[in-house]
Amino acid sequence: MSKQNLNFKNLLQKLRDTKPLIHNITNYVVMNFTANVLLALGASPVMAHSQEEVEDMVSIAQALVINIGTLSPSWVKAMQLAGGKANKLKIPVILDPVGSGATKYRTETTKKLIQQIKFSVIRGNASEILSIQKEKIKTKGVDSIHSSTDALDYAIRLANELKTVIAITGKVDIVTNGKDTYKIFNGHPLLSYITGTGCAATVSIAAFLACESNPLIATVAGLCFFGLAGEFAFEEAKSPGLYKVKLIDALFEISPEYFEKNAKYEKI
Amino acid sequence: MSKQNLNFKNLLQKLRDTKPLIHNITNYVVMNFTANVLLALGASPVMAHSQEEVEDMVSIAQALVINIGTLSPSWVKAMQLAGGKANKLKIPVILDPVGSGATKYRTETTKKLIQQIKFSVIRGNASEILSIQKEKIKTKGVDSIHSSTDALDYAIRLANELKTVIAITGKVDIVTNGKDTYKIFNGHPLLSYITGTGCAATVSIAAFLACESNPLIATVAGLCFFGLAGEFAFEEAKSPGLYKVKLIDALFEISPEYFEKNAKYEKI
Amino acid sequence: MSKQNLNFKNLLQKLRDTKPLIHNITNYVVMNFTANVLLALGASPVMAHSQEEVEDMVSIAQALVINIGTLSPSWVKAMQLAGGKANKLKIPVILDPVGSGATKYRTETTKKLIQQIKFSVIRGNASEILSIQKEKIKTKGVDSIHSSTDALDYAIRLANELKTVIAITGKVDIVTNGKDTYKIFNGHPLLSYITGTGCAATVSIAAFLACESNPLIATVAGLCFFGLAGEFAFEEAKSPGLYKVKLIDALFEISPEYFEKNAKYEKI
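As they're listed, the protein sequences go chains Y, F and U. For the first sequence, position 267 (counting from the first letter as 1) is numbered 267 according to my numbering, and the numbering increases by one without interruption. If you want my numbering, it's the position in the second sequence, counting the first as 1, plus 1000. If you want my numbering, it's the position in the third sequence, counting the first as 1, plus 2000.
Quick caveat, the hints were computed from the structure, so don't treat them as lab data. Mixed in with the good hints, there may be bad ones.
Under the rule of at most 16 Å between Cα atoms (straight-line distance), these lysine to aspartate or glutamate pairs were calculated in the EDC-like manner [to be verified]:
| # | chain 1 | residue 1 | chain 2 | residue 2 |
| --- | --- | --- | --- | --- |
| 1 | U | LYS2077 | Y | GLU52 |
| 2 | Y | LYS104 | F | GLU1055 |
| 3 | Y | LYS14 | Y | GLU260 |
| 4 | Y | LYS104 | F | GLU1161 |
| 5 | F | LYS1238 | U | GLU2236 |
| 6 | Y | LYS238 | F | GLU1236 |
| 7 | U | LYS2238 | Y | GLU236 |
| 8 | Y | LYS77 | F | GLU1236 |
| 9 | U | LYS2104 | Y | GLU55 |
| 10 | F | LYS1085 | F | GLU1055 |
So that you can see chain Y by itself, here it is in the shape it has in the complex (with noise of 0.2 Å):
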């Protein structure tokens, strides 16, 4: 597997220096996790919903997640507001279209959000982004029911047509611009058994992307890096309880010469 000499020990301390603000849309079910997530590796979190403050909110921050969770229409039109004010900003959004195919009311909002907002990455599993173009499909809740592999030709479709990245993510994860394609293999299958672990893939991403002008490249570090975390972890705990401790603390202790001696990616 090469590497393509990819800076991302470089680009882990620059992380790390800037502490930048990741302004966080995101759903209740995580917003804890993912924002110990973000303070272990190196950003600074904060979640804000209220129409009334987030486009405020966005504008001193340095990335913008936009995550559809546990969603209802008031949020919506908070996440609007403030992807429209991050566009004109040009502080780069990242969408997780978290059950997108299970439910009618998340598949139009998330394809209604992609109209109307530009995203540089949309990161989800094979079903959630296959959900985006294709009705029919039903996903079984949040979890996939496609192999991420099967979806690498309609990523590269996506990402053209929508100019932005598209991330899916399985186990092995394919992250595309529609002209550069990446596969990814760090990664822990136990990292299945925590809630929220997709959404925290989606917030270091964006924490990378406050620190790094090409998506392409800020997707493909911020997912190796949540990967070798798990992998990181599993020498520790072997069960989800403890795994999840373990996991926060290898977001924090990697350094960032392990980090680009460990990240497994392959350029396709």
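Assemble the complex: chain Y is given as a structure, and chains F and U must be docked to it using the hints.
Only chains F and U this time, still in chain Y's reference frame:
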């Protein structure tokens, strides 16, 4: 203590093999915790509360949890929609009337939900269950002020009246469908030092409800399993921080054989 | 450093003996964490935010926490109702103006709440406290950009003006009622790598407020105790995942004697 040969080994194996999707309309405080509880014990959680999608979401679930821990009018409406749809589709619904009796709003909401939705199981502490009919009883927040053994006659009467399974949890748990009654002896006092362990016991029941057509058996299984995990965790942790971590580990680690061997219940 | 013989041993014993009920109207991010903090230190938490019930709920509580971390208009209304009721019943109220100064909405809400509710204590970082009157100051999200020592004069003036206890937390905490002022030296830098430790310091104060009629003493006690737990936890954990777990354990394990012996404060 006699065990009446309830086949908990097969039931837990079935749960883990089928990974049922459990739809939760629950309180903000415990969402992350109960999602992780469901994942650890082998089920698949989804949290969704918007009136726009709860009927769609419950339609793909194998059980629905309604928990009033941090309720507000729009959430109550969503509970009514989801509960109605679940009843129509014969998907089992469990109610956790958190804090019922502590405020008029909670007590009245509980009573309204019970009128409008057919619950397979209602689980609460003694104060919460007693509040369903006796307006005068005050609870100390979400904690019980009545011993569960006092409430046995009341539980049997209520189960018959509402044609549901009533579970009163406390030092010893009581479970009854009005005809058959079980006492459950699994559990540990340190569980009361972690927020949401009552709510977690409820989702444990929900997971078994998704795999066992007799709600009385599913409730006995869910409470035995969760209480046993509480005992198991205490082997490794004596303070609530680490105990919560080990509780999640225990839910993941307990084997079907160990469960059947160590479930402590008695038909009375 | 002189200790002025504050009897923290008896105060912590009283807290654990009486298990006061603390009503929290707080942000989504920290609800689970601060509920577990309150349980671990010996209090009993309840979270309730609906306008339909907050007045009933606060009426059975021994202290009220108002935290604006993820505010929206309907929550602000609930804060006003609960605060008004608490004032009428002489139940102490503490304000945590999370992120005040970061957005106009937060700053204006903080000012409005201070006008309408009599707070026993207001706790924030320097930026948050400075935002109460100086419109121009910008905060970096929820983190402080001002050193707490700079703010000493301002805190004393504000405490006199609002007739409340002002607590500015940072490397060294400042607590003043406008007449008497304390510095608090307990705490640990790793606390800033866990989301909600400021909010947790606030609930620690609230628990002591429920047991001690002098809000200045209660605030010193609450901050010393929480900071001491932060020190205690670092003995066993050097990374934020496990550190958070050990922090909860510490709140549970620290004895009244140990607390009194290791509280580090100074009257200035």
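Hints versus structure:
no.: 1; hint: U/LYS2077 x Y/GLU52; in the structure: holds, 14 Å
no.: 2; hint: Y/LYS104 x F/GLU1055; in the structure: holds, 10 Å
no.: 3; hint: Y/LYS14 x Y/GLU260; in the structure: holds, 13 Å
no.: 4; hint: Y/LYS104 x F/GLU1161; in the structure: violated, 38 Å
no.: 5; hint: F/LYS1238 x U/GLU2236; in the structure: holds, 15 Å
no.: 6; hint: Y/LYS238 x F/GLU1236; in the structure: holds, 15 Å
no.: 7; hint: U/LYS2238 x Y/GLU236; in the structure: holds, 15 Å
no.: 8; hint: Y/LYS77 x F/GLU1236; in the structure: violated, 47 Å
no.: 9; hint: U/LYS2104 x Y/GLU55; in the structure: holds, 10 Å
no.: 10; hint: F/LYS1085 x F/GLU1055; in the structure: holds, 6 Å
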